[in-house]
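Colleague: Next come the chains, spelled out residue by residue.
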Amino acid sequence: MVDSQAMLDKVWFILPEIWLVIGAMVVSMMGLSGTRLVRDAVPVVVCCFLAVAMAGIAWVYGDADRLAGIDLLMPQLGPYVKMILCAIGIVLAMLSVGLIDRPLEDSLKSGRARFDPIRTSRGEFFAFFLLSLVGAMLVCNANDLIWLFLALELTSLPTYIMVAISRPSVKAQEAAVKYFFLGALAAAMFLYGFALLYGSTGTVVLTEMRDAFAEQAAGDGLNRLAIVGMILAVLGVSFKIVAVPMHFYAADVYEGAASPVTAFLAFVPKTAGIVAIILLLGTVGWSGHGAPGAGGLPQPILVTLWMISVLTMTLGNVGALLQRSAKRLLAYSSIAHSGYLLIGVIAGPGMGINAVLFYLLAYGVMNTAAFAVLSGLQRQGEEIESLDDLAGLRHRYPVMAVVMAVAALSLLGFPPLLGFWGKFSLLIAGIEAHRMPLVVIALVNSAISAWYYLRLVGLPILAMPTPASESITHRPVPWARVAAVIAALGLVALPLFVNELLP
Amino acid sequence: MTLATLAMLAPRLAHEFPVADAAGPEWAAWILWLPALSTVLCGMCAALRVRNKLPAWITVSLLSGSFILTAMLFAGYEQPVTIHLVDWFGITWSDTTFVANFAFYVDRLTLLWMLFVTGLGTLIALYAGEYMEGDVGAGYSRFFAGISVFLFAMTALVMADNLLMLYLGWEGVGFASYWLIGYYYRKPSAVAAAKKAFIVNRIGDLGLALAVYLTWHAFGTVQYAELFAAVQANDFSAEAGGWSVQAIPFLLMLAAFGKSAQLPLYVWLPDAMEGPTPVSALIHAATMVTAGVFLLCRMFPLMVLNELALPVVAWVGGLTALFAASIAMAQHDIKRIFAYSTISQLGYMFLGVGLFTTAGAAYHVFTHAFFKAVLFLTAGAVMHGFAGQIDLRKVSGLRHMPGWRVTSYTMLYACMCLAGVPLVTNGFWSKDAIMAEAFAAVGPGYTALAIIALVTALLTAYYTFRVWFRVCAGPVHYEPGLEQHGDAAGGAFHPRPPRLVINLVLLTISAGAVASIFCAEWINGMIEGSTAAGGLPAVHEAHEGAGVWSDPHAWMPYVAGAVGLVGIAIAWYLHLANRTAADDLKRALQGNVVSAWLPRAMENKWYVDELYHGLIRAPLWLLGHILNLLDRYVLDMVIVDGVARIPRMLGRGFQPLANGVLQSYAVSMVGGVALIAILVFVMPEFLEMLNGWIGGAR
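Those protein sequences? They're chains A and B, same order as listed.
Under my numbering, think of the first position of the first sequence as 1, with each following residue one higher.
Under my numbering, think of the first position of the second sequence as 504, with each following residue one higher.
The set of hints was computed from the structure by calculation and includes no laboratory data.
Example chain B residues on the side facing chain A (calculated, C-beta under 7 Å, incomplete):
| hint | residue |
| --- | --- |
| 1 | Pro1150 |
| 2 | Arg1151 |
| 3 | Leu1153 |
| 4 | Gly1163 |
| 5 | Ser1171 |
| 6 | Met1172 |
| 7 | Val1176 |
| 8 | Val1183 |
| 9 | Leu1190 |
| 10 | Asn1194 |
Keep in mind the model is a prediction, meaning the values are calculated, not measured.
Glycine residues also receive a C-beta, built at the ideal position from the N, C-alpha and C atoms.
With the sequences and hints as input, model every part of the structure.
Modeller: The structure is reproduced here in structure tokens:
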């Protein structure tokens, strides 16, 4: 009966996820309803399910006995990551209100068309929204490679569809196709890595892999096959966190998708990917397997991650310098932030991982704030994309201009905003782990990023409106703007609770 | 007592005062919050465009509440206490802490200062309510908000229980001063004066900031109670003999000289008279400018840590007194004369601090606050009545004009106080306390300093009564100023005598001045129970047993009184009995090649402004322009743009990779993976090199 008890424990800790899957089913059916009120209630129901899931997370992880007996590599990741995912998920759901099926709903309202369940996709969109979140949450509970793979794919597969249906434009469909094919390529890569890991250790269970690696290290060093497998797996998962060399899709896909979906892409898969990388690295550990006398990750893996981190932040920031489109700029900025995150991963458990988790929270909030501004505005029903559209925003929408400025300053790491504390804790973790060159490179990159982030501050606040930016109006639904204000308030107010928020 | 013995005594002297170790009543917090509340309410009046005298009444009533609370605190005073208001800074890292809360440190020194700050603040706000009536609905709310901010900051400065809160108040009063000097912001000279005051004060504030830091560095705390306990126990870090502790007194001095307008940082105060006259009376004569004296009294236990510090204070004070008095002799603008006399009297106070007679200094601060406030307020009444006329050559015989009697005679009494007329004036007694000490104390050149102080007393009596004999006595004639008052438009100009409220305020403050004649002993007691107690007993010990004639305290009153009367007599001859004599004297001096420079230099304030302009401002201006050119053409064009171009060029290099084609992305991704695999596995040298480098300082 031991096995069934272990199974029960496993299910116990994914109760919130099960609850959200139920939610996904409920909203997918609600979306098909002929009553407008029910269809309109979909985002509200999503938010309610997420809020209940948050309470559920607190409840299931409050069971200390079960938590002590759980068979996970890093059980402490779970509650924090899941809480962030659900909390920011609520804000992201607010962003997406009124995004899907707008032409259909407009024509229904004017009586030009009758309701046809075939033509509506709002329920599906929010169902996939929830399923992707469930995937990211499940990554935290992965204790074997198969679960990890499935959870990662559950995170990504719904996003391909979300990109495609996010707006009625060929650009979105092109982006979805690109995203799907390249995602499949990356999945093949990390699956190959997983296979090699299995081959070299004879197990797919992460905790058992850890023991196997410890045994190997105590013997004649880590299996070379295992290192190849680990590097391939990490590189493959880098696709989820848009790190070099798997970053190529980012700009195109982020630009093609509607802004609320882009905000989702920049946060949810990235969180899942980072957690997956942490779990994978957790099997070899940060105690210097295979490199006698030195702590940290095994040497080849460390070098790989180090290169990825440096290249990612540098390419992200340099790429952002050239952009004229606000969404592409934020896409490159998202790449750069993945590079920063890897500093904490390299630094390892304790300060490093804590800093990574805190940075995920900070990045989630500030990224959502920036995209919420873009989502809250439109030009004749079309999204605004160009940076020039933001010129002189203060004169028309002062609150949105301030939110954009706060978000950009926070992304830049300007004290005392949340982004500063996130970057600060990452850099401190890097210093504590004696990775000075990496920290210096990150600081240089921060300086470069000031060039384009300050444009995001200056254009809305200081520049004068142009005829092009005069034609900008706000979207008819206010929720994206509400979400923008909430996120901006979070950027300003959350630093007051830094000590409580640090995991 | 030689310098060496003084230095030996110094640590011991610092032991002789009680340090707060109990908590005081919590209602005292309202002494600080009432002015803050007044600021907020006046700000609301400004926002609501209130068109009556409401802001004045808000300010007067709340400030009087603050005064009453201070008086209650004084009445219930038993021992030094601290009163905690709210937590402010409480930072701890590894084994270091930095704590600075909003809290009061209440000892007798605090109470002495707070009594006259809040008392005079209330009375002058009452006066200003009448004086500023022309601005009702325009700048009236702004003015009283400024006064309230000032009282808030001054309260924070005086009552603070740590150096950081004192610093906050210090900057706050500087800001309020800037705000109120520039009150007539449409007037370029007022704006320039405000900027000058603010910038010159920055130099002193730098000294205070460094002093706060060094204090924390050396003693590990900025809270007075802990700080003084550490000083008394000789319990400070090994650097006590090092430069940091030795530098603290000089940095404090720099701060005090800036705020209290001493050489060489006095230049802002005369210009500060561009502000409304109640501001000149309250901030630039009675209260704010004494903050420097307060700072040195409060930090007296630290001032004695360097044996050179107090002689320097004494000399700077003495020289400033003489220097400013000489300028005051040749000015024509009444307010400027009083401004220079303020600088000069502040010099006396620093002389007192430097001579270890902090009680004398505090007494002079106290008496000076009253009579100088009256002088400014009467000058303000004259300005108010004569449409802004403030030139002493253009108003004469004021006391013969109807309705000006109270003004003339209160001014006469205040002038007598400033000149030091024996027995009946408070200024005589307080100045006497300092000058006698100058003759008694032993120090580097203190005899010369004492003679300087005596000469300054003569000059003071002369220039003070020059004003009174010119303006209030003599035949009646006047020329109105340029300000347009309603009743002066068209028709002949009639001076407007001051209203009842103004006269009442003048009489009340004069009564305070009379009363302060009798409070020398009281102030001695106040100082002895405070941090400023430092040297008093020791100095008194040094004179014990001296004969009547050799003790300067015995003969000083006669000498000082005589000097004052001589000065008044000269002024009477030159400016009342025989007014042409003054012009003849001036002409004679100017006609003589040898002496021609003297009146001109005095009239032009010894060309100090021009000197500063040439030595400091012009080079800075030139440097600024050179740096601007450098910035624009070298830094911006070559370095900034050049450096910024590098990442962009890099980006362009990579741009072909981001071409939007799916296949090429896939190839790039696989290529990237392959590249990393090659680097890591096929090129072990690369791995070793990179690993060695990224290992950092392991």
